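S.K.: So the chains spell out like this:
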Amino acid sequence: MEERKHTSLHYEMELQEIKNGLIYLGALTEKAIQSAMTSLANRDSDIARKVIKEDDEIDKLDSELEERCIRILALRQPTAIDLRFITTAIKITGHLERIGDMAVNIAEKVIQLNEEPQLKPYIDLPHMAGIVGEMIKNSLDSFIESNLEVAEKVRQKEQVVDDLNEQIFRELLTFMMEDSKTIHRALMIMQVSKNLERIADHAKGIADMVTYMVTGECVRHLTCNLDEKKE
Amino acid sequence: MDPNAIINMHNVNFYYGQSRALTDITMDFLKKRVTALIGPSGCGKSTLLRLLNRMNDLIDGTRVEGEILFEGKNIYASDIDPVEIRRKIGMVFQKPNPFPKTIYNNIAYGPKLTSTNNNDMDILVEQSLMQAVLWDEVKDILNKSAMNLSGGQQQRLCIARALAMKPDILLMDEPTSALDPLSTAKIEELIEELKKDYTIIIVTHNMQQAARISDETAFFYLGNLVEYNKTGKIFTNPDVKHTEDYITGRFG
Chain E
3 MEERKHTSLH
13 YEMELQEIKN
23 GLIYLGALTE
33 KAIQSAMTSL
43 ANRDSDIARK
53 VIKEDDEIDK
63 LDSELEERCI
73 RILALRQPTA
83 IDLRFITTAI
93 KITGHLERIG
103 DMAVNIAEKV
113 IQLNEEPQLK
123 PYIDLPHMAG
133 IVGEMIKNSL
143 DSFIESNLEV
153 AEKVRQKEQV
163 VDDLNEQIFR
173 ELLTFMMEDS
183 KTIHRALMIM
193 QVSKNLERIA
203 DHAKGIADMV
213 TYMVTGECVR
223 HLTCNLDEKK
233 E
Chain G
9 MDPNAIINMH
19 NVNFYYGQSR
29 ALTDITMDFL
39 KKRVTALIGP
49 SGCGKSTLLR
59 LLNRMNDLID
69 GTRVEGEILF
79 EGKNIYASDI
89 DPVEIRRKIG
99 MVFQKPNPFP
109 KTIYNNIAYG
119 PKLTSTNNND
129 MDILVEQSLM
139 QAVLWDEVKD
149 ILNKSAMNLS
159 GGQQQRLCIA
169 RALAMKPDIL
179 LMDEPTSALD
189 PLSTAKIEEL
199 IEELKKDYTI
209 IIVTHNMQQA
219 ARISDETAFF
229 YLGNLVEYNK
239 TGKIFTNPDV
249 KHTEDYITGR
259 FG
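Just so you know, the sequences run in chain order E and G.
As numbered in this note's numbering, residues 3 to 233 make up the first sequence, in order.
As numbered in this note's numbering, residues 9 to 260 make up the second sequence, in order.
Calculated from the structure, these hints are not laboratory results.
Just so it is clear, the structure is predicted and the values come from calculations on it, not from any experiment.
Misleading hints may appear alongside valid ones.
Calculated pairs, BS3-like style, for lysine-lysine (alpha carbon to alpha carbon, straight line, at most 27 Å) [to be verified]:
1) Lys-241(G) to Lys-93(E)
2) Lys-238(G) to Lys-7(E)
3) Lys-7(E) to Lys-241(G)
4) Lys-249(G) to Lys-21(E)
One chain only, chain G, in its complex shape (with noise of 0.2 Å):
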C-alpha cells in the first residue's frame, strides 16, 4: 500500500444488476496528485468514479464487493454516512449543473446545509470563487442568477460549489467535455491549481487532455483495469500492449 495512498481500491468488484461493470479493481489513488482514468465508452471508469464518493447507491439493484478505503476507513461500512463521504469527496459532472439560484447562493446553499455558523459566508463564497478562478468574472454579479453565465464559467462556479465544502478528493466526470477549447483550457489551467491542495480523480474521452493534466493515468476495458501508471510512461512507452493500441487509435 503507497504512504501517499487517500484512497485504496482492494478486489473491488461491482455489479448492475446481474451484469459486472468492474472486475476485481485493485488500485491506490495519491493524495494531491491528479489521476485520469481512460477507456473506451462502457470500460467502466465513470462507474468506478461514482463508486468512490458512493453516488452508485442511488442507482437500484447495485452491489458492491471489495473494499474501498478513503483515508483508511472503509466508505461502504454500514456506519458511514453516505453524505459526509460525499462533502468530503465533491463531484463535478460532464454538463454544467449549477442550481437555479443567484451565483452567491449556488456557493453558500451546500455550507448552509451543513453548518451552523454562517458568519463567514462572504468569505467562503469568495474563496471559493477565487480557488475557482471565477471570482474576477463574478464579483459584481453575485446576486444574478448562475444560469446567466457561460458554459465554461458555469462549469467553474460548479467547482466552486464542490471546493466550498472544503472536499479532500474532487472527482470530476469528463467536466470539459461540453466546453469550447478556451474554456477547456481554463479548467485545466484551474486543475493544475488545485492539486496543490485537493486531490482529483479525472474520468476524460480526451486522451491528450489526460496527458496534460494528470500524473497517473488508468486505462480500463471492459471492467478490468489495464494498466496504471505515470501518465507520461502511459503515453510515451506503455508497458501493456493493449493501452498502447487503444492511445495509439489502434483500436476496434
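Chain E with its partners taken away, still in its complex shape (with noise of 0.2 Å):
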C-alpha cells in the first residue's frame, strides 16, 4: 500500500535522506566486496589496497546516518512504522559497516596471498561471492520496496553459503593434509570464505530487520514479546 505523506514535510524529508544514505551506502559496500574479489581473481593488490582505503568512507557513512536516526528519535520521537523504519536503519547501517570491515578483511588476506604462488584455481570463492553480492542487494532492495518476499529469498541464500563455505574448508584441508607448505595460502583462502559467509550472515540481517519493519514482528529470535512477558 502507497504510504501517506507526514504533515511535516521536513520529517517527510529527513526519512527520505536515511533512505537514500543506506541506497548509498549499499552500493559503497557491494563495490568494497567485488573490488576485493577482483583483486583476489585477478591478482591485484593494487586494488585491494583501494578497499582498505576506501572502507574510511564507508565508516565515515555509517557514522553519519547513525547520527541522523538517532537525531530522529530524539527530536520527532517516531512512532509504529517510522520508529521501525528507524530502528531498521540503525540496524542496517551496522551491519553494511560490517560488511565493509569484511571487505577489507578480504582485502588484506589477498594482499598476503598475492605475494605467493597462487595455490589453486579460484573456482567455488568467486561463485560464493557471487551469491554473497546478491543477497547484499535483494536485502537493501527488500528495505527500499518493503518487500517480505525478497526478504525470505535473502534468508534461503544464506545456507547455500554456509554450505560453499563448508566444502571450501574441506577442499582446503586436503592440500594441508598433502603439503604442509600450502598450509598458510590455504588458512588466507579459508578466512576469505569465512569472510563471505560472515558477510551472507550479515545480509540475512538485513533481510530480518526488513521483516521486522513490514510487520513488527521479530524473526531473528523465537520470542521477544515484551508486551506478553509484562503480563
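Put the two chains together into one complex; each comes in its own frame, and the hints tell you how they fit.
M.R.: Here is the structure:
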C-alpha cells in the first residue's frame, strides 16, 4: 500500500535522506566486496589496497547515518512504522559497516596471498562471492521496497553460502594434509571464505530487520514479545 | 467480557441534541491499569470520559444509549445516584481548579460533605497529599490559600482532592496540558504510582505521554473507536492503518 506522506514535509525529507544514505552505503559495500574479489581473481594488490583505503568513506557514512537516526529519535519521537523504519535503519547501517570491514579483511588476505604463488584456481570462491553480492543487493532492495518475499529469498540463500564455505574448508583441508607448505595460503583462503560467509550472515540480518520493519514481528529470535513477558 | 474489567461499555451512543458524538462504542476498562484515550479534537474522547461519571448529565439536550456497567451495575439506571457515581469515579480536569480555600480545606471539603465521621480528617488530608506526592511541599502551609500554589502543585492538589474521596477510578482530562515539563513529569510519575491502587483513564493530546504512562490505548476518530490495544502494540505496530497515520503524523 502506498504510504501517506507526513504532515511535516521536513520530517518526510529527513526520513527520505536516511533511505537515500542507506542505498548509497549499500552500493559502496557491494562495490568493496566486488573489488576485493577482483583483486583476488586478478592477483592485483593495488585494487586490494584501494578497498582498504575506501573503507574510511563507509565508516564515515555509517556514523553520519546513525547520527541522523538518533537525531530523528530525539527530535521527532517516531512511532509505529516510522519507529520501526528508524530502528531498522540503525541496524542496517551497522550491518553494512561490518560488511565493509569484511571486505577489508578479504583485501588484506589477498595482499598476503599475492606475495606467494597461487595455491589453486579459484572457482567456488567467486561463485560464493556472486551469491553473497546478490544477497546484499536483494536485502537492500527488500528494505527499499518493503518487500517480504525478497527478504525471504535472502534468508534462504544463507544456507547455500554456509554449504559452500564448508565445501571450501574441506577442500583446503586436503591441500594442507597433503603438503604442509600450503598451510599458510590455505588458511588465508579459508579466511576469505569465512569472511564471505559472515557477510551472508549480515545480509540475512538486514533481511530479518526488513521483516520486522514491515510486519512488526521479530524473526531473529523465537521470543521477543515484551508485552507478553510483562503480563 | 474481561474478568479484570471495572467498566464495561456496550453499544454506547451519545448525542448532543441531534448530533451523534459517539457511535456504538463497546469496550472494557481494566482494573488498576492506565488507559489512554487519544484522537484528534472532536473525536469524542472527552465526551466518553465524561460519560463514565455522568458529568454529561449536566449538559442540556444530551442523550445516552447503550449500557455502561461499573462493577457490573449500569451507571445510567434510574436507581443510581450520579453523585455517588462521581464519588467512586473521580475526575481531574485540564486546568487545575482548586477551591478558593486553604490547602487543608480543599482536601477536606468533599469528605466533610459526604461523611459524618470527621475525626480522622487530619489523617485523611495527610494521606491524600502524600499519595499525590505533595505533602512534603505543603505540610507547613496547610492553612494557606491553595490559590498561591504553582500550577503543577495545584494540579496535584486536585488529584489529592479526588483521592480523598477514596474513588475506585480516576478520570483525567488532559491533566498536564497546562503544565510545564517538570510538573508534567511529576504528574506522570504520580500516575505510575497511583495505578497500583486505582484505575486511571486519561485523555491526552500528547502522544508521547500516552506512550509513556498508559498500559492500554484507545484511538478514536469521529466518534468511533478505531483501535484499542496494549500501548506497546499501538505505538510500535498498530493493526489499523488509520491509527498508524494518526500517531505517525500522516493525518489530514
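S.K.: Indicate, hint by hint, whether the structure satisfies it.
M.R.: Status of the hints after comparison with the structure:
1. Lys-241(G) to Lys-93(E): Holds - the C-alpha atoms of Lys-93(E) and Lys-241(G) are around 21 Å apart, at most 27 Å.
2. Lys-238(G) to Lys-7(E): 26 Å, holds
3. Lys-7(E) to Lys-241(G): 22 Å, holds
4. Lys-249(G) to Lys-21(E): 22 Å, holds
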